[in-house]
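S.K.: Sequence:
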Amino acid sequence: MAMSDPLADMLTRIRNAGMVGHENVLVPLSKIKKSLVELLEHEGYVGAYEIVENHNRAMLKINLRYDEHGERVIAGIQRKSKPGRRIYVKHDQITKVMSGLGVAVISTSKGIMTDKQARRQQVGGELLFEVW
13 MAMSDPLADM LTRIRNAGMV GHENVLVPLS KIKKSLVELL EHEGYVGAYE
63 IVENHNRAML KINLRYDEHG ERVIAGIQRK SKPGRRIYVK HDQITKVMSG
113 LGVAVISTSK GIMTDKQARR QQVGGELLFE VW
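In this note's numbering, the protein residues as written are 13 to 144.
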């Protein structure tokens, strides 16, 4: 059966694996998921990732990060724009997540970027999700 929202599935897998303390999580591979994981890795929310084969299917193996006390680095992750209700923002409408402690991920005409990068480059786009 086809998945209606693969991005929401990836975010849910990351959230659930973090809540139970798993070291890593497997997510089906796609170009957009790979670029989102690269952005999350660059922002420090997840560790390294690698592409692995699982039952003849390419998967992203994402290493989750925890602090020195064993608490997960991703306290919360929430999907904003959904297939049934897309949310688009202009560069001057992008609000800070958790007063700047979190990151909003936006799909723009210049690629996928954080809210800070979009404001700096003065470009808007689809508000995919927020992570804090």
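Simulated from the structure, these hints should not be mistaken for laboratory data. One thing to keep in mind: the hints can contain errors.
To be verified - With a Cα cut of at most 25 Å, we get these calculated DSS-like pairs of lysine-lysine: (1) Lys94 with Lys128; (2) Lys128 with Lys108; (3) Lys73 with Lys43; (4) Lys122 with Lys43; (5) Lys102 with Lys122; (6) Lys94 with Lys46; (7) Lys94 with Lys122.
Bear in mind the structure is a predicted one, so any value in this text is a computation, not a measurement.
S.K.: Which numbered hints are broken by the structure, listed smallest first?
M.R.: Hints that this structure does not satisfy do not exist here, as all of them hold.
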